[in-house]
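> Fit chain B to the supplied structure of chain A, relying on the hints for placement.
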Amino acid sequence: MSIDKDTARKVAHLARIAVKDEDLPALAGELSAVLAFMEQLNEVDVEGVEPMTSVTPMRLKRRVDQVTDGGIQAQVLKNAPDAREGFFAVPKVVE
Amino acid sequence: MSELNNLTIAEARDALRKGETSATDLTMACLTAIDAADGLNAFVHKTPTLALEQARAADARLKAGDAPAMCGIPLGIKDLFCTKGVPSQAASNILSGFKPEYESTVTSKLFDAGAVMLGKLNMDEFAMGSSNETSCYGNAVNPWRRQGSNVALTPGGSSGGSASAVAADLCLAATGTDTGGSIRQPAAFTGITGIKPTYGRVSRWGIVAFASSLDQAGPMTKTVRDAAIMLQAMAGHDPKDSTSADLAVPDFEAALTGDIRGRRIGIPREYRMDGMPDEIEALWKRGTEMMRDAGAEIVDISLPHTKYALPAYYVVAPAEASSNLARYDGVRYGHRAKLAQGDGITEMYEKTRAEGFGHEVQRRVMIGTYVLSAGFYDAYYNRARKVRALIKRDFETVFAEGIDAILTPATPSAAFGLGEMADADPIAMYLNDVFTVTVNLAGLPGVAVPAGLDAQGLPLGLQLIGRPWEEGDLLNHAYVLERAAGFVSKPGKWW
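Chains as they are written, first to last, in this note's numbering: chain A, 17 to 111; chain B, 138 to 632.
With the rest of the complex left out, here is chain A:
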């Protein structure tokens, strides 16, 4: 599978990474090369094989449904690039 410029643009947008138009052909080439490498996987007979979901066979533990912490608003916001009045601030989302 080879990736063209339009697919590269679409993937970049899905990944929310701005890529300049003039950089798209090079990106498409790089992505195609990596995908070509992955094509080898088509040689493997995977009929009847379950896709691995967990590398060690273990059940996820359940915990008691209760509040274990909270009241740490200042800590939560401490590293925010823009925090105002106890909230994360972002550009306007809704018109």
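Everything labelled a hint here was simulated from the structure, so no lab data went into it.
Please read these numbers as outputs of a predicted model, since none were measured by experiment.
There may be inaccurate statements among the hints.
As the list claims (entries may be wrong) - Here are the computed lysine-lysine pairs in the DSSO-like style, where the Cα-Cα straight-line distance is at most 27 Å:
id, chain 1, residue 1, chain 2, residue 2
1, A, Lys94, B, Lys183
2, A, Lys77, B, Lys488
3, B, Lys377, B, Lys246
4, A, Lys36, A, Lys108
5, B, Lys155, B, Lys200
6, B, Lys236, B, Lys488
7, B, Lys475, B, Lys488
8, B, Lys236, B, Lys246
9, B, Lys246, A, Lys94
10, B, Lys488, A, Lys108
11, A, Lys108, A, Lys94
12, A, Lys26, B, Lys475
13, B, Lys377, B, Lys236
14, A, Lys94, B, Lys221
15, B, Lys183, B, Lys246
16, A, Lys77, B, Lys627
17, B, Lys246, B, Lys221
18, A, Lys26, B, Lys488
19, B, Lys422, B, Lys444
20, B, Lys236, B, Lys221
21, B, Lys422, B, Lys627
22, B, Lys475, A, Lys94
23, A, Lys36, A, Lys21
24, A, Lys36, B, Lys475
25, A, Lys21, B, Lys183
26, B, Lys488, B, Lys422
27, B, Lys236, B, Lys200
28, A, Lys94, B, Lys444
29, B, Lys221, B, Lys183
30, B, Lys377, A, Lys94
31, A, Lys26, A, Lys36
32, A, Lys94, B, Lys627
33, B, Lys236, B, Lys475
34, B, Lys246, B, Lys155
35, A, Lys36, B, Lys488
36, B, Lys377, B, Lys221
37, B, Lys627, B, Lys183
38, A, Lys26, A, Lys77
39, A, Lys77, B, Lys246
40, B, Lys475, A, Lys108
For chain B alone, coordinates are given in the frame of chain A:
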């Protein structure tokens, strides 16, 4: 006593307990060595004030007779570990300025045991790389050089700063993390020991996530005994990591009996790659002889899906990375791009991520996005997960047939020059992990042990792969190999 920073953990532990030295003196020796080693670019955030505070506390514990093995031992910590109040950037600009409000489980456990943190260590950005060249801090440099050459070599990656710092005696040991070989490959490139434990042995909580089903932290040390001691302090169940195994941690150091008589060592024929350098082949053969001489039985084994491990890895790891790295959006921490008039939230995400992520990280996030996108999920991601199941089954089969450990080369070459791979395609760089990546896919423990020097005087390592949860037994095999190889070379000091 030689210079204090040259000590192993075991030597320092014994000297501290006997009162022959103090944690403060050890720490001072390391801090002095670090300040004289800026040319290696291994330590990227130094924490001398914290280190001396921790050292004084350790000295008090030692005096009170309450001293676990790691008490007073000065360590370097990979930048991937969140350390409270100390920059933790995963070597990425997108986390510039980030100082966690919490401590990772591994560093908490080490500090509870009395260990001292000297600072944060260089690495590839988000642990994505095999040469430490994707770091936002610039390259870490290998203390080793080719004979008669002053070309700067890579310490490997992604735990390149950890490897460089331990090999240059800037610290007694360091933490590393390993997603496809990031502990074992740099350990091999710098003549030190590094173990990736069984998946689930060490908590991942507070370690910046790359590929959650593959990531595992481990120690990078000067000796196998030190690896046993430090792994002991890092390992154990953690309710905060749902994949952390609720299993008792055995005494790893006590497992180092040096006796492997009658044990069965598998030599996988698929690891004999086309174009493998003669020196690697010869080293592997010597390692095999050492195990045989120690009384082990050598068995030819087959791991038929080995060839597909790298392509499977380069589907699974980027897929998980694209999901894990979605959190870097410029809202909660780290970098946010300056916005133009009229930019909305989508522009904020896209500009922030374009500015904050380096080239290799962007590429892997986009590959991951692609293989997870509608229409390709089955063809790439699900197929890779099926191949992964087959790779794991290969190992289960040989272990069920009575194999105790598997011996392979650690890397396909010795350390290469920084910049040497700049024009190569990404796949050439990915091939560094050809011998190590199978172990992550199968969740097994693997250890790299220095075993010799190449013709240019650079260290080469061998890898031993063990049964799940049998790190003690694996380390005992490594201990036998270490003693037989008798690797004592150190890099000549030029920095």
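> Are the hints correct? Go through all of them and say.
For each hint, the structure was consulted:
no.	hint	verdict
1	A:Lys94 <-> B:Lys183	holds, 22 Å
2	A:Lys77 <-> B:Lys488	violated, 39 Å
3	B:Lys377 <-> B:Lys246	holds, 13 Å
4	A:Lys36 <-> A:Lys108	holds, 24 Å
5	B:Lys155 <-> B:Lys200	holds, 10 Å
6	B:Lys236 <-> B:Lys488	holds, 22 Å
7	B:Lys475 <-> B:Lys488	holds, 8 Å
8	B:Lys236 <-> B:Lys246	holds, 19 Å
9	B:Lys246 <-> A:Lys94	holds, 25 Å
10	B:Lys488 <-> A:Lys108	holds, 16 Å
11	A:Lys108 <-> A:Lys94	holds, 22 Å
12	A:Lys26 <-> B:Lys475	holds, 24 Å
13	B:Lys377 <-> B:Lys236	holds, 20 Å
14	A:Lys94 <-> B:Lys221	holds, 12 Å
15	B:Lys183 <-> B:Lys246	holds, 20 Å
16	A:Lys77 <-> B:Lys627	violated, 46 Å
17	B:Lys246 <-> B:Lys221	holds, 13 Å
18	A:Lys26 <-> B:Lys488	holds, 16 Å
19	B:Lys422 <-> B:Lys444	holds, 21 Å
20	B:Lys236 <-> B:Lys221	holds, 7 Å
21	B:Lys422 <-> B:Lys627	holds, 23 Å
22	B:Lys475 <-> A:Lys94	holds, 20 Å
23	A:Lys36 <-> A:Lys21	holds, 11 Å
24	A:Lys36 <-> B:Lys475	holds, 17 Å
25	A:Lys21 <-> B:Lys183	violated, 44 Å
26	B:Lys488 <-> B:Lys422	violated, 52 Å
27	B:Lys236 <-> B:Lys200	violated, 33 Å
28	A:Lys94 <-> B:Lys444	violated, 47 Å
29	B:Lys221 <-> B:Lys183	holds, 14 Å
30	B:Lys377 <-> A:Lys94	holds, 22 Å
31	A:Lys26 <-> A:Lys36	holds, 13 Å
32	A:Lys94 <-> B:Lys627	violated, 44 Å
33	B:Lys236 <-> B:Lys475	holds, 21 Å
34	B:Lys246 <-> B:Lys155	holds, 24 Å
35	A:Lys36 <-> B:Lys488	holds, 11 Å
36	B:Lys377 <-> B:Lys221	holds, 17 Å
37	B:Lys627 <-> B:Lys183	holds, 24 Å
38	A:Lys26 <-> A:Lys77	violated, 39 Å
39	A:Lys77 <-> B:Lys246	holds, 22 Å
40	B:Lys475 <-> A:Lys108	holds, 15 Å
Checked against the numbered hints above, the structure violates hints 2, 16, 25, 26, 27, 28, 32 and 38; every other hint is satisfied.
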